[in-house]
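Residue numbers (our numbering), protein chains in the order written: chain V, 1 to 410; chain X, 1 to 410.
It is worth saying that the hints were derived from the structure and are not from the lab.
The reader is advised that the hints may include incorrect statements.
Any copy will do: because identical chains look the same in the list, a pair fits if it lies in one copy or spans two.
DSS-like, lysine-lysine: derived pairs with alpha carbons at most 27 Å apart [to be verified]:
hint	residue 1	residue 2
1	K176	K130
2	K407	K178
3	K49	K237
4	K49	K407
5	K287	K130
6	K176	K142
7	K406	K178
8	K216	K142
Protein chains: 2
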Amino acid sequence: MKSLMIIADGLGGRPGDVDGRTCLQVAETPEIDDLLSRRGSAGLMDPIKPGIRPGSDTAHLSLFGYDPYEYYTGRGVFEAAGIGMEVTENDVCFRTNFATLDSDGKISDRRAGRISEGQDELEKALSDLKSKKYPEVEVRFKRSTEHRGALCFAGPDLGGNVTPTDPHELGIRMPKAKGRDEKSERTADILNEVTDEASEILQNHPLNMERKEMGKLPANAIMARGAATYPDLPLVKERYGISASVVAAGALYIGVARIIGMEFKQAEGATGTVDSNILNKVKLALKQLEKGQDLVFLHFKGTDNASHDHDAEGKINFIEKIDRTFGWLNDNVDWDRTHLSFAGDHTTPIKYGGHVADPVPAMLAGPNVRKDRVEVFDEFSCANGGLGRFSGNLLPITLGYSNQLKKFGA
Amino acid sequence: MKSLMIIADGLGGRPGDVDGRTCLQVAETPEIDDLLSRRGSAGLMDPIKPGIRPGSDTAHLSLFGYDPYEYYTGRGVFEAAGIGMEVTENDVCFRTNFATLDSDGKISDRRAGRISEGQDELEKALSDLKSKKYPEVEVRFKRSTEHRGALCFAGPDLGGNVTPTDPHELGIRMPKAKGRDEKSERTADILNEVTDEASEILQNHPLNMERKEMGKLPANAIMARGAATYPDLPLVKERYGISASVVAAGALYIGVARIIGMEFKQAEGATGTVDSNILNKVKLALKQLEKGQDLVFLHFKGTDNASHDHDAEGKINFIEKIDRTFGWLNDNVDWDRTHLSFAGDHTTPIKYGGHVADPVPAMLAGPNVRKDRVEVFDEFSCANGGLGRFSGNLLPITLGYSNQLKKFGA
Numbered sequence: 001m002k003s004l005m006i007i008a009d010g011l012g013g014r015p016g017d018v019d020g021r022t023c024l025q026v027a028e029t030p031e032i033d034d035l036l037s038r039r040g041s042a043g044l045m046d047p048i049k050p051g052i053r054p055g056s057d058t059a060h061l062s063l064f065g066y067d068p069y070e071y072y073t074g075r076g077v078f079e080a081a082g083i084g085m086e087v088t089e090n091d092v093c094f095r096t097n098f099a100t101l102d103s104d105g106k107i108s109d110r111r112a113g114r115i116s117e118g119q120d121e122l123e124k125a126l127s128d129l130k131s132k133k134y135p136e137v138e139v140r141f142k143r144s145t146e147h148r149g150a151l152c153f154a155g156p157d158l159g160g161n162v163t164p165t166d167p168h169e170l171g172i173r174m175p176k177a178k179g180r181d182e183k184s185e186r187t188a189d190i191l192n193e194v195t196d197e198a199s200e201i202l203q204n205h206p207l208n209m210e211r212k213e214m215g216k217l218p219a220n221a222i223m224a225r226g227a228a229t230y231p232d233l234p235l236v237k238e239r240y241g242i243s244a245s246v247v248a249a250g251a252l253y254i255g256v257a258r259i260i261g262m263e264f265k266q267a268e269g270a271t272g273t274v275d276s277n278i279l280n281k282v283k284l285a286l287k288q289l290e291k292g293q294d295l296v297f298l299h300f301k302g303t304d305n306a307s308h309d310h311d312a313e314g315k316i317n318f319i320e321k322i323d324r325t326f327g328w329l330n331d332n333v334d335w336d337r338t339h340l341s342f343a344g345d346h347t348t349p350i351k352y353g354g355h356v357a358d359p360v361p362a363m364l365a366g367p368n369v370r371k372d373r374v375e376v377f378d379e380f381s382c383a384n385g386g387l388g389r390f391s392g393n394l395l396p397i398t399l400g401y402s403n404q405l406k407k408f409g410a
Numbered sequence: 001m002k003s004l005m006i007i008a009d010g011l012g013g014r015p016g017d018v019d020g021r022t023c024l025q026v027a028e029t030p031e032i033d034d035l036l037s038r039r040g041s042a043g044l045m046d047p048i049k050p051g052i053r054p055g056s057d058t059a060h061l062s063l064f065g066y067d068p069y070e071y072y073t074g075r076g077v078f079e080a081a082g083i084g085m086e087v088t089e090n091d092v093c094f095r096t097n098f099a100t101l102d103s104d105g106k107i108s109d110r111r112a113g114r115i116s117e118g119q120d121e122l123e124k125a126l127s128d129l130k131s132k133k134y135p136e137v138e139v140r141f142k143r144s145t146e147h148r149g150a151l152c153f154a155g156p157d158l159g160g161n162v163t164p165t166d167p168h169e170l171g172i173r174m175p176k177a178k179g180r181d182e183k184s185e186r187t188a189d190i191l192n193e194v195t196d197e198a199s200e201i202l203q204n205h206p207l208n209m210e211r212k213e214m215g216k217l218p219a220n221a222i223m224a225r226g227a228a229t230y231p232d233l234p235l236v237k238e239r240y241g242i243s244a245s246v247v248a249a250g251a252l253y254i255g256v257a258r259i260i261g262m263e264f265k266q267a268e269g270a271t272g273t274v275d276s277n278i279l280n281k282v283k284l285a286l287k288q289l290e291k292g293q294d295l296v297f298l299h300f301k302g303t304d305n306a307s308h309d310h311d312a313e314g315k316i317n318f319i320e321k322i323d324r325t326f327g328w329l330n331d332n333v334d335w336d337r338t339h340l341s342f343a344g345d346h347t348t349p350i351k352y353g354g355h356v357a358d359p360v361p362a363m364l365a366g367p368n369v370r371k372d373r374v375e376v377f378d379e380f381s382c383a384n385g386g387l388g389r390f391s392g393n394l395l396p397i398t399l400g401y402s403n404q405l406k407k408f409g410a
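Construct the entire structure; sequences and hints are all you get.
Printed below as a string of structure tokens:
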């Protein structure tokens, strides 16, 4: 049998979203409800556990069955893996921003005016970054979307307890990175040296001269945060004995999935925003199952983007867009041989606009599921479902129904 | 937003309490039910986890989000902190009883006839207690209610694995304390020396001469139990980033709350019994929130006292007394900005009269709660509530709804 695990990021809501109802309640979701009614069972899932407010990275580790209290080292390594860098046990990685420093060296924009062109040239200009003090350490920088990027150091005796050089504040200088232990002090040292060098290179780069002339903010610095060593965890192949692919567009989700050993598949038109061509993603996911993968993890990001923007209408529209892809799934999945799980990775209420600890609606559908009486997929109905309330582990739970789990014990 | 967490000790019951119904079912609780119906969601909570029979100390640690398997060292330190002793990392603490030894040195009463006057004089007589073998160790004794008290040793190389000198038996001599490791052997040594010295002092104390003349049992010994080192745990400020107060009367609950960094507030007329002025406690709790505390933990003890006494009527009356304070809360809480949680800390059935592992009814009320359809707050209705079944962690869960939690991960 096959397993398809679908996560709509930040799907969960609160009564305050739209006049006492959540966006998921307001959205018309006939296809999702139809699947749940005919083949499914519902429940409430605490992404990590009750009373823990999840990050996106820790939530996904937990959904994949990896206790984040045991395995989480920080976000940087997932971001780097997510934008296609090859990271290994020797790496310490950071998320970065292109930023703008004014003539006094103070931060005037954390995103270099959301720079949208020329980043490839800047990346190229930074391709020879090196630490003079620690020449044995390999330095790699890669841009991703807009101002975003990642910076990795590979070498001996590096540590991940490094404070960020992005203060999330304007009008001050970039703070120097500090390490909280000996290896991390070394790493902070390298980071400070390398980002100074990067500033010098960027300051005089022709592209930035051009930007200034055009009245745009120059991308004359890179700021780093989310320091992380490579997490010591078993791959899905080893842990569950399965092959798996990830179909996603957000770097972080691709990164977490790649690091636990899923193969990344790029769908045409997938953007990680509300405009994404998510039907293409769904089709690609099913294709991966047909091609022989045991499990596909499919991630939609738009729900969370709209929630962070306090945009109830956008969230409702995106949920309805997801619902239409469920129409296609209802018609095209081989329902005799497939189990599908669908849930949020955390709750992001419209008014609050950030992650909260409230549990998320979750459902499982397929031939081995004990169908319950829930007919509507939302935060309230799911509380009365056959799955009850459970904590994370959606991936192994889904595998379980598809008879894809290894036995613990004899 | 603000959080108010209310615990009614031993609130949970069993069908055998009163002709097939629990005391909570029999009690008239219109105000609690009104709050639940209008603003709340209900569930069943296992204080620690299913199948674990909780103590009062371990249950409260778990409710506060501190895994007792990780943090619990014993009861003595909470009792000492709860009666106002300043305890630190250097301390090993014991709960004590004033007891009566007969002329052969055998225990004739474990509570010195529930001594109710003169304990201050006895405490004073014991103020110079000292170990001759270990003069560097500081010895402090403090009485509390009736025969109760606490004994603390502060110094280097002390251990908490010390057997009690209170055998919970009459007609035998006080057993010598023993240590289960080197540091604890030292500590047992000191305890034996100090309690011998205490007996000598008390034996000849004028108050005890008087008591004998009046036909009362002399308080001529102190017996110790519940040895505990100071637990190595993060304060609520550090763990959750919040400020908190405790309004309670029972020493143990005050002690646990103080040790995790809550500020103790004494309500006028609060006694920790069924006669307590609990409306004053509720008013003080709300005042603390208004004064700027992020969370107040409010504890009612009477439900448990009545349960231990097999007194169904007393328990029902006390539950109805609590219900009346909910009437005041319904009218006076700022419901746009406050989340309230209410639960037992464990189940204490009337017939059994001790703590059992059965889950307790729990509810959450406030603007961000996903209201369910439960309209009656009892052990049966709550099983169908929107909160499902969860284990401990009521404090961080409550904070979550009030947007007071720090994020784990990014």
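So, going through the hints one by one against the coordinates:
no.	hint	in the structure
1	K176 to K130	within (18 Å within a copy, 53 Å between copies)
2	K407 to K178	between (45 Å within a copy, 22 Å between copies)
3	K49 to K237	both (25 Å within a copy, 21 Å between copies)
4	K49 to K407	both (24 Å within a copy, 13 Å between copies)
5	K287 to K130	neither (43 Å within a copy, 59 Å between copies)
6	K176 to K142	within (21 Å within a copy, 51 Å between copies)
7	K406 to K178	between (43 Å within a copy, 22 Å between copies)
8	K216 to K142	within (22 Å within a copy, 72 Å between copies)
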